[in-house]
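Trainee: Here are the chains, one letter per residue:
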Amino acid sequence: MIERVGLLVAAFLGWIGEVSVFGGRALREAWRRPLELDEVARQVFEIGWRSIPLIVASGFAIGVVLSLHTRASLERFGAEAMIPAGLAIALVRETGPLTAGLLLSGRVGAGIGAELGAMKVTEQIDALEATAVDSFKFLAVTRILACMIALPLLTTVMDFSGIVGGYVAETAVTGISFWLYFDRAFSHLQFSDFIPATLKTVVFGFIIGTVASYLGFTTERGTEGVGRASTRSVVLASILIIAINVVLVKLIFFFYPD
Amino acid sequence: MPSARAIGTGAFILIGLLLFAVALFMIGERRMLFAKKFEVYAEFSRLSGLQQGAPVRVAGMMAGEVKDIQVPPGPDSKFRVRLQIRDDLHPLVRTDSVATIQTEGLVGGMFVQVGAGTNQAPPAPAESIIGSREPYSFADLLQQASETVTKISEAVTDLKEGMDTALGQVSDTVQDADRLIKDVGADVKQITASGTKVAADTQVIVEGLRAGRGTLGKLINDDTLYLRAQHIAEQAEEIAKNVREATVEFKDLGREGKEAIATFRSEQGPIVGAAADVRQTLKLAREALENLADNTEALKRNWFFRGFFRDRGFYDLNRISPADYRQGALETKTRKALRIWLAADQLFELSTRAAEPALSPAGAATVESAMAGFLQYKPGAILIVEGYATSGFSNDQYLASKRRAQVVRDYLVQKFDLESRFVAAMPLSAEAMGRSPAGDRWDGIALTLYVEKTALRAATADGSKNR
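One line per chain: the protein sequences are A and B, in this order.
The opening residue of the first sequence carries number 1 in my numbering; numbering runs sequentially from there.
The opening residue of the second sequence carries number 1 in my numbering; numbering runs sequentially from there.
Derived by calculation from the structure, the hints in this document are not laboratory data.
You may find that some hints are simply not true.
What the hints assert, rightly or not - No more than 20 Å apart at the CA atoms, straight line, and that leaves these computed lysine to any residue pairs for SDA-like:
1) B:K453 to B:Q414
2) B:K453 to A:F253
3) B:K78 to B:G49
4) B:K67 to A:S187
5) B:K67 to A:G111
6) B:K67 to A:R221
7) B:K36 to A:F253
8) B:K37 to A:F253
9) B:K402 to B:A430
10) B:K415 to B:A365
11) B:K37 to B:R82
12) B:K36 to A:Q190
Using the sequences and the hints, build the whole thing.
Mentor: In structure tokens:
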């Protein structure tokens, strides 16, 4: 039993090490020519632009729900005027970045894992290597960079979508004007609330791209392996995002204690 | 022509960056990052949770934020708070502006409120220290409210006890004052009577002097009396000295009276003692006035002035005793008495006839009717209201006759505005002066007018009841 647990721990640590080496190599390769900007742009389009409907809809719904909950809590204290600010702080600081990261890991992580896994089992990656194309840089690095670029922008879109959703819920109750709601929403926000929380999603994007690409590049045993790579990409990326978020929040509070 | 994929990528990046920039601008606008600012300091002993970055309001308007909070080096020093304020609000921040730490509602955060100063004070220079007021936390307010309620409760309890005590003291004071008034009433009446008597005698003397009667009048024309002037002057001086002494004594008594009243009003002075002082003072005042009256009485009997009184046949009607009156003290060869008999049952209320006789309306009308016949001889004629009573022993008769006579006498003086010095009440018990309609005794009063015979002859007598 102990021996089996030891083997699992050793396998986990080995997997962590391999993923870390894979991510480190991607960061290092990102600065080396050719930069493959066309492929990066294409991946940004696929990852970012095509995710906007999902992000906007989710953000809007989250904003409505947050507004309803915030109102139920704050109106007990007669602090309805604080609803926009409370909602904005909740969205910008945590809900927006984390939700955007999880949504992207579900939509993009699975896609990258499945796509690269299929290329692996069909030996398309070997074919690229045979044509002197750096498959790692062309397939993995571009997707990792695209995730790192798209996720902060998607997080910002989600923040605004959530604020608009909160306004719709609030104006249905109180008839408050959009600009007053918008002004109150930002009344208690500081740069330390917005910038670190948004930029931490770069790390989330790196995790999503790295885990999904690694699992795709390491796919084995045909189509079954492709399916496993896709599923494991979503699960592992989501777990890692949630786990690393704890560390990142702690780091942000360390540098911005207010 | 770029591909749709490239356009989508560009749009995505632009939209994302634009929203990111908007968020930065909105936050920066709230933080006054793009406005010109100045800084001032305010010092507080305690911050009540104020933090760096807390909003600053000038006259209620969003104006900036707390940039820094410097911790004091010791307990006797204060926190120094650096306030960053929009420059366009600088004209409102004066050297007499006061900064306070306040709470946004019950659950809001802390912020610094800077009150607008006055026009008289110059604008607060940048980097200067403006005035401050220590903050009140909600817990402080509750604590203070609790203490205030406790104090109010104690005050109400004390006030209630004080009111009870005060009401008791007022009640006691009223009772004391009532007793005092009753006690001094007789003295006051006596003082008034003495004062009236002195005034009346003085008036007689002055009138006589004006008329040139008496020894003083003769002194003016008779040279033989001149030689005795020295002796007269000495006597007069002695009398005047007595009067002066009496006056000084009266003044002293007046001062004592003021002091007694001050003691009476003072918080420390026991009211019983004050009342005793007042009684003592009034007693002394009464004695003084009696002395003064005695002096004037002596003055009247002095040969220098007695001529005035001899002319009218009496010195003081009130000093004529019933015995002297019966002996004919007021009757002279030239003077005749006119008497009208009035029965008691026609004059007084039945219920009060004995103890405190009061004129009934019918009795008043009867007295007025009887007096009507005498009015033609007044003024100058002497009116004596003789009182008679037949019930009880001789002392009861005397008192009842005195009261009856006094009541009728006072009524006549007031009703017909008579000179009181020529009207007197004479208690004669039961035995009638002369012959009454009932014989030797009479129960009631008799109005007796002493009138000069010359005047009597000139007038027409009112027949039926006159004798």
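Trainee: Work down the list of hints and note, for each, if the structure agrees.
Mentor: For each hint, the structure was consulted:
1. B:K453 to B:Q414: violated (27 Å)
2. B:K453 to A:F253: Judged against 20 Å, a Cα distance of about 132 Å means the pair is violated.
3. B:K78 to B:G49: Holds: K78 (chain B) and G49 (chain B) sit about 15 Å apart, inside 20 Å.
4. B:K67 to A:S187: holds (17 Å)
5. B:K67 to A:G111: violated (48 Å)
6. B:K67 to A:R221: The hint is violated at about 62 Å.
7. B:K36 to A:F253: violated (30 Å)
8. B:K37 to A:F253: violated (28 Å)
9. B:K402 to B:A430: holds (11 Å)
10. B:K415 to B:A365: holds (11 Å)
11. B:K37 to B:R82: The hint holds at about 12 Å.
12. B:K36 to A:Q190: Distance of about 19 Å is within 20 Å: holds.
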